[in-house]
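Participant: Spelled out from the first residue to the last, the chains are:
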Amino acid sequence: MEKMARVTTALGGNTLSGRTMFCHLDAPANAISVCRDAAQVVVAGRNIFKIYSIEEEQFVEKLNLRVGRKPSLNFSCADVVWHQMDENLLATAATNGVVVTWNLGKPSRNKQDQLFTEHKRTVNKVCFHPTEVYMLLSGSQDGYMKCFDLRKKDSVSTFSGQSESVRDVQFSIRDYFTFAATFENGNVQLWDIRRPDRYERMFTAHNGPVFCCDWHLEDRGWLATGGRDKMVKVWDMNTTRAKEIYCVQTIASVARVKWRPECKHHIATCSMMVDHNIYVWDVRRPFIPSAMFEEHKDVTTGIVWRHLHDPYFLLSGSKDSTLYQHIFKDASQPIDRANPEGLCYSLYGDLAFAAKESLISSDSNRKPYIGDRRHPIFFKRKLDPTEQFEYISSSSALSVFETDVESGSMDWFVHTAKQYALAGRPLAELCDHNAKVAKGLDRNQVAQTWTMLRIIYSSLGTVSSANLNHSMGKGSAALPLMNSFNLKDIPSGLGSESRLDRSKGESRTENILMDSSSTLINNEDNEETEGSDVPADYLLGDVEADEDDLYMMDHENPHAEEQEYSLPQEAFPLRHEIVDNPSALDHLQDKADSPHVSGNEAETVSLTPVESFSLISISHSLYENRLPSDFFSPIVRDTLLFYAEQGDVQTAVSVLIVLGERIRKEIDEQTQEHWYTSYIDLLQRFQLWNISNEVIKLSTCRAINCLNQASTTLHVNCSNCKRPMSNRGWICDRCRQCASMCAVCHHVVKGLFVWCQGCSHGGHLQHIMKWLETSSHCPAGCGHLCEYT
Amino acid sequence: MLVAGSPCPLEEHRGCGTRRGGQETGIKVPRELAKGPSAFIPLAEIPREGAESGLRQLLIEAFVSAGRVDHVAMVMGLHPQYLSSFWKTQYLLLRMDGPLPYHKRHYIAIMAAARHQCSYLVRLHMGEFLQVGGSPAWLQGLHCAPQKLRNLNEINKLLAHRPWLVTKEHIEALLKPGEDSWSLAELVQALVLLTHYHSLASFVFGCGIKPEGDQDGGNGCWAPSPHSDSSPGSEDSMGGSGGRDAMQEVEMLMERMKLLQENQQEEEGVTQEEMETRFELEKTESLLVPPSDILDPSLQSHVRCFVEDPEFGYKDFTRRGEQAPPTFHAQDYTWEDHGFSLINRLYPDVGQLLDEKFQVVYNLTYNTIAMHCGVDTSMLRRAIWNYVHCVFGIRYDDYDYGEVNQLLERNLKIYIKTVACYPEKTTKQIYTQFWRHFKHSEKVHINLLLLEARMQAALLYALRAVTRYMT
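As given, the protein sequences belong to chains A and B, one line each in that order.
Under my numbering, the first sequence has 317 at position 317, and the numbering climbs by one with no breaks.
Under my numbering, the second sequence has 425 at position 425, and the numbering climbs by one with no breaks.
Source of the hints: derived by calculation from the structure; they are not laboratory data.
Just so it is clear, the structure is predicted and the values come from calculations on it, not from any experiment.
One thing to keep in mind: the hints can contain errors.
Here are the simulated DSS-like pairs of lysine-lysine, each with C-alpha atoms no more than 30 Å apart in a straight line [unchecked claim]: (1) K258/B x K439/B; (2) K120/A x K148/B; (3) K697/A x K88/B; (4) K258/B x K152/A; (5) K111/A x K319/A; (6) K168/B x K315/B; (7) K413/B x K258/B; (8) K148/B x K176/B; (9) K413/B x K428/B; (10) K176/B x K157/B; (11) K168/B x K319/A; (12) K157/B x K428/B; (13) K176/B x K153/A; (14) K120/A x K413/B; (15) K152/A x K264/A; (16) K315/B x K157/B; (17) K176/B x K319/A; (18) K62/A x K297/A; (19) K88/B x K750/A; (20) K297/A x K258/B; (21) K439/B x K297/A.
Now the stretches of chain A that chain B is said to cover, found in silico as 3 or more residues with beta-carbon under 8 Å [stated by the list, open to error]: (22) 73–83; (23) 91–104; (24) 293–299.
We put the CB at the ideal spot given by N, CA and C, even for glycine.
All chains, please: the whole structure from these sequences, using the hints.
Facilitator: See below:
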């Protein structure tokens, strides 16, 4: 308490001073109100009704208004208000529906003045007219608002909201006759005090009850409302339609709002439940409160600024039976603890980074953003010179780093997404097609992956060689033939990909398989020392029939015939000669130890690729057909993981879809789901809706599949009565009329309805299309020149 | 097949799965003992398939999502507006995303229903429990369920019979970190489930819902109450040709409502003390309930096993002088302000639906009373609602409890208190004895008010305890 600041402010001769302090009440408070001179505060609750004077160091109890022995519900206050014109006048709203006024000038102990028992239900709010001494307004749970003239015994006028309970009523400060009322059903009504028959204006402000409202103290057209939907909204009432100009999202339902005096954009709020703090928001910065008071240990029920013209003192009462005076100097400022940095990637690889200005050293290279996409750009938020408050001190700098145009281009992604075939054809065709697509976009690695997948998965017996566009000659039919394909110039970062390549040596023995990547890197080194200009390179010999046990193959279905496979030409233009290797067996021993020793020209199938990559050959003997494709699953899985890791989730997902069941169980569900969501997200950011939908449809993940089933309802309103149509989309239950008639055939449209946005006539899609072939005018005869796109 | 055979709103479906179809193919189908879903309400009163399209749509929806239209839904179908809201809530509670796994939700439903010995709901959810993959071992009794669920027993007991005893210590005990501890979100779902099924049990007994056809032993196992269908007079009074008394009853009620409405202002003379006394009087009044003889222990064994401390029941508030729990002032913890805010925070969506459900039932009216039309029944509904809250110790400061006595005749009060506090003791007799000239749909309406008021009361106590725990 010692370190707390002491504040003194001068207000036109009146001096306010004090510190953060509190006092214990005997019971929970429901509401507080302050006297005009800012020296006294009244606290009201179910079991308390007292006046305290605010001294320099402490609160001093001045008067207990609960007198008499027997408890009366008339003392059980839901709300209390102190008149701002007459410091002897108070009014309370009782939970039993009674409105009581109190005159402190009475000589007797009992200060109770008048009793109005007109409301049938709890009165939620009472409000004095800001300038008129005798005018009191009340709003009750029974849905009525009543205006009392304190000189009379009964209410002068009753206003019926025609909707649910009234939660708050507030006289406007600008207009003498206007008051605002908020309702449990989310509406706000504006009334003219002279016209009790009908409200002037009504609008829906919140979803669920509107608990409170407050007129702005200076900028008088503004009304702030707080609701159960955890929002504080500021409405501009100057226009004919109430316009929402600010909205603050809080973390709990808003119980009270109070504009901060002398600060145009500041507003204090407290919540109804769970959250006990009081926040002061700058409505222009709705994400983080500009100040926060954390003293209370139970919900705050009443807040009031101590003086109409002093922004530094705030009083609050709470369910924890304490009354506090908060000093702004002692407020905690969440902004100090916040991390004012933000980072975001754009679709095209640009990176935006915002941080506190002080953190970013001024850099001479930095230029203001002028649209040049090559350089980092830089924004600075100018401080508003009119900003007078010490709390808005942060300005931040935004830097945007752009990738250069070529590498940042994502065209390949879009093209690939559009052209890939994912289903509807045999696996081999899909793979071929996709390999071709990838090839066409110069993505050779991906193209190869597809090709390899085709070989791995569709070489199992059934694929007839005729389909496959073999390029290999059958030099000698008796000999096992080999298939070759290539991979060279593997960027070092992509090394693990090489595990894909099936060399004979790898497939023969387990331990070599394990070492394959290192082996292959050796290979690469080897080649490079030989000179990488030489296209041919590296060969893996063929397989002997009697070595099949090394393959751990299924002996039950031996293929009697030899089959040959080669890469399809369209994906892999090869121009090479095949050199048969009649003595492959001799070299097998060598190769088993170290595959690259087998680089013997005489035995090689030499493949000469068009581009600058070279080949690593794989031979497909007849026995390889019998390799269960499961055997390759770990490798395919690694490939997919590799692509995903590289950021090419597109390839991973596409392969996943194309291979379907063959690979699905190899990759855990969560990873799959993650890939799918990333890919779908990307597709949607590129607005490739159709493709993203196709992906969703084809996915086998339950979580992804059901994305399509969410929010599939289309709500339509009847064109006649403007009400929602609940049962069917074409006939209105209320007005019993068909809502959507076809302008051409005059029948009800039950399916696709297309209409012109200019004249809103329309009809069956087919009919309208036919009509527009012959005429450009509206079929309804309204004379509009319809345009359909 | 029997499930499909029970009234199904889809024409084509009914064709292939009706009871008749079953008999034709030679499969034995238990005969229905008596027609209709309720033992109290004649079948003719229940809306049939051809009903309004709105209701039909609703039942189809229910059928499609749950695989059956149970008797509860059929009786609630008398008030389609409410049924849709009720259905949405129950669907969310049982079948949509939530913190608790599905089988535990059904087990909690069983525990709750067992507290009121409601074998209908217990059987229904035993089936559902197995269907969602619950372990059959648990169904042998509470002692076979995991400790975590058994820990819920205490609060289940209190909420069912004396919700005012729920304190923040109970919440604390459940949430205390440990092996079998609950998370706050789980607990809130469990609390909503418990209160939902306690009050649904009230509805089941209050409307005399009969067991579903497929519940084993269901057909015919409904213990006939001493005054069953054959009882003379009951049919008469319902049939519309009721005696003079019944007619007079209605007229008197109308008269009183009019009087009360006109004399609102003149009530001022009543002192606060008097109001207090009136509330206490209603609260402590112990209404005589006919001794129940339905409780056949052998029949209830499958229900009993889910109950510990079966003797614990509703207890009338103590008379003046004795230590009584402090009155719960409705204004200090309302559903609209506090309950909703809390529940929406801990178990989103359900708050919205419950709010909607409470509003629908509170505002549901057809502006009719018995044979009169164009009547503002808001007073009557409020009296019933507040009376239910009153018997659970919740007081509205702004309500004159004298009205309850004026508007609710003694028989009705007996019925309401029985159904709300010890529903298992409901008999057909007390159902027929009150409001003898009223329509069955109106009696179901009362039951709906009762169900929701009771649920809200228990929920308010539970949520208040949670709030106190959190602060």
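Participant: Starting from the hint list further up, note which numbers the structure goes against and sort them upward.
Facilitator: Hints 2, 13, 15, 20, 21 contradicted; others consistent.
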